[in-house]
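Trainee: Chain residues, written in single-letter form:
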Amino acid sequence: MSGELPLTPEDVAEIVAILDGSGYANFEIRTARFGLKIARSGEAWTQEWDHAAAVSPDIASAAPAAAPAAPKADTPGEAQEGQADEGVAVLPPLPGTFYRAPQPGAPSFVEVGDMVGPETVVGIVETMKLMNPVHAGASGRIAAILVDNATLIDADAVLMRIVPEPA
Amino acid sequence: MIRRLFIANRGEIALRITTTARRLGITTILGASEADRDSLPARMADEVVVVGPAPSSASYLAIERVVGAAVAAKADAIHPGYGFLSENADFARAIAVAGIRFVGPTVASLEAMGDKLMARRVGVEAGLPVVPGGEAEDAAQARERAKETGYPLLLKAVSGGGGRGMKRVDDPSQLDGQIDMAMAEAQAAFGDPRVYVERYIGRGRHVEVQVLGDGARAIHLGTRDCSIQRRFQKLVEEAPAPLIPDDKHRAITDAAVRLTEHLHYRGAGTVEFLVDAETFDFYFLEMNARIQVEHPVTEAVTGVDLIEQQLLLADGQPLGIGQAEVRIAGHAIEVRINAEDWRADFRPSPGRLATAAWPAGPGIRIDSHMAAGGVVQPFYDSLLGKLIVRGDSRGEAVTRLASALNALRIEGVETTAGLHRLIAADPRFVAGGVDTRFFEGLTHG
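Which chain is which? The protein sequence lines are U and L, in order.
The letter at position 160 of the first sequence is residue 160 when you use the numbering used here, and the numbering goes up by one with no holes.
Numbers given in the numbering used here equal positions in the second sequence, counted from 1, plus 167.
For reference, chain U alone in the conformation it holds in the complex:
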């Protein structure tokens, strides 16, 4: 059986109203199911909850066995192209899913051998449903593309390498 939602917002407001009329600055309660701390903060009050004791109900699984996690960029896929260790590293602006093209089926933003400038968009990273452009960050030639399309990447993943050349 699940945890009951312990107190309504009205309950919390009433506790605050009682405390406000008293000299107390803190109120803390801990039961088998939840913890709640109400504290004075300047002229107002805060509520901090701890639901660690609430246990999830038995979990059924309607899904087939979870798909294996997408390969991480630090173990590059088979599609690694070009020279992996020369030139300037292109890093993503954020962790997320890296895409090489603006949409499925569309040509990639760049290929190995292409000339780019610092502002050239070389890919997209999707994080929290937003598309963030990946800029080359340097002038030069794309020496290597190290991450496959649609790969989940960390913020420190090296996506590409650029060998600097004057534009």
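Hints may contain errors.
Computed list of chain U residues with no C-beta within reach of chain L, every gap over 12 Å [as the list claims (entries may be wrong)]: (1) 31; (2) 42; (3) 86; (4) 112; (5) 113; (6) 118; (7) 137; (8) 139; (9) 152; (10) 156; (11) 158; (12) 164; (13) 165; (14) 166.
SDA-like cross-link-like pairs, simulated, lysine to any residue; straight-line CA separation at most 25 Å [unchecked claim]: (15) 241(L) - 213(L); (16) 415(L) - 368(L); (17) 129(U) - 514(L); (18) 129(U) - 585(L).
These aren't lab readings, by the way, just hints derived from the structure by calculation.
Please read all numbers here as calculations on a predicted model, not as lab measurements.
Ideal Cβ placement from N, Cα and C applies to all residues, glycine included.
Based on the hints, put chain L in the right spot on chain U.
Mentor: Just chain L now, kept in the frame of chain U:
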């Protein structure tokens, strides 16, 4: 009567639906992703079914898995929350085939309002004014449309909502680049690259009307103003929309009810209007056929539980409230506390919360699934929770908002709380009735 409700969503709205369902004596079954199996909504639900792995495309957006899980759990109704599958007609159809009630409008209403072009046509049919513009399937068509609308213009995903894939273009030199990005976002977010090109009204306010319909009769629960937006994502919402002359206010709510009845709409919905901030002329934009993120401000000033109304209407009951019984009392404001670094271009800030001290007290409501120790996943949107304040007057609500924000303390991830403190102190906001350019004029700290 609904006995077993399957909740096909996550986060604060899943918890919000659970709260009302429990009060009504309904058993709740949460369909969660692997990443959310230990979330607060999962702990509070009566039953939990894992519908798939973390990425939403394989869980919260996977129609077959969600419907299959609901059938296996012997659910008699599904609440889709907002976002994800909430306005997906294929989903509603699959639910109906499975013999389960959809807590939302009919498939016909979803189809009429799910597409901005169709919505516009239906709006015109119902006699509502609309903004000049049209659809484009590719960049070339978008350039043609742009000649008709002029600049500045807006690009919106035809299948979209919530600001995804929406771009403002100020002059022709920016058009090509923005079209590519808008189409890419539209494709990624909705599986449909089509965009809508529309004239941008310079000083516009975003005003929406909460409606309820039972298929025959419709009522409204007043207006909300959501003009404070950044890149078309709402930041602050309030009810009622302030400083609109009574006759115009009434014309807006009347138009919303007219559209709702025209559609024979059943359920809760929101009719969105663009209102000229100077003349108060209004244009119908679209209807959102779902519960909205900002629904609590309407609840705060009407005392009506909108989730309860959704469940009763989905159960086939006639409207239990008459228009004359709806009283708007006081003023409410909601701010969205997102896990984003607003000083760094609103960069998402996933991570674990070390502290979550939410404001508390009379006139304050917190809708959140996040407590200390909770993890903000990189897979989903960045909403940590909503702070809703109510006052007897707008002035009282603004004062309460400022004091609540000063008390709020979240550590471990970056949040938008600091931005909201700036907004709450901004003289334009304190005066009320700002237009959608408010954010551009905000003095960043």
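Trainee: Hint by hint, note whether the structure agrees.
Mentor: Cross-check of the supplied hints:
Non-interface call for residue 31(U) relative to chain L: holds, since the shortest CB-CB distance, roughly 14 Å, exceeds 12 Å. With 12 Å as the threshold on Cβ separation, the claim that residue 42(U) sits away from chain L is violated: the shortest Cβ distance comes to roughly 6 Å. Against chain L, the non-interface label of residue 86(U) holds: every CB pair exceeds 12 Å, the least being about 30 Å. At roughly 22 Å from the closest C-beta of chain L, the C-beta of residue 112(U) stays outside 12 Å, upholding its exclusion from the interface.
In this structure residue 113(U) is separated from chain L by more than 12 Å, as the shortest Cβ-Cβ distance comes to about 22 Å. Under the 12 Å C-beta cut-off, the non-interface status given to residue 118(U) relative to chain L holds; the minimum distance is some 16 Å. Residue 137(U), annotated as away from the interface, keeps every beta carbon of chain L farther than 12 Å; the closest lies near 16 Å. Interface exclusion of residue 139(U) from chain L stands, the closest Cβ pair being 20 Å apart, more than 12 Å.
Not every CB of chain L lies more than 12 Å from the CB of residue 152(U), the least distance being 8 Å, so the non-interface label is violated. The Cβ of residue 156(U) lies farther than 12 Å from every Cβ of chain L, with a closest approach of about 14 Å, so its non-interface assignment holds. Here residue 158(U) stays apart from chain L, with its beta-carbon at least about 19 Å from theirs, past the 12 Å limit. A cut-off of 12 Å between C-beta atoms confirms that residue 164(U) is not in contact with chain L; the least separation is 25 Å.
Distance to chain L confirms residue 165(U) as a non-interface residue, since its nearest Cβ pair spans about 25 Å, more than 12 Å. No Cβ of chain L comes within 12 Å of the Cβ of residue 166(U); the nearest lies about 25 Å off, and the non-interface call holds. Simply put, residue 241(L) and residue 213(L) have alpha-carbon atoms about 13 Å apart, close enough for the 25 Å limit, and the pair holds. As the CA atoms of residue 415(L) and residue 368(L) are separated by approximately 18 Å, the hinted pair is consistent with the 25 Å bound.
Proximity of residue 129(U) to residue 514(L) is assessed by CA-CA distance (about 12 Å); at most 25 Å being required, the pair is judged to hold. Proximity of residue 129(U) to residue 585(L) is assessed by CA-CA distance (about 23 Å); at most 25 Å being required, the pair is judged to hold.
Hints 2 and 9, counting from the list given before, are not met by this structure.
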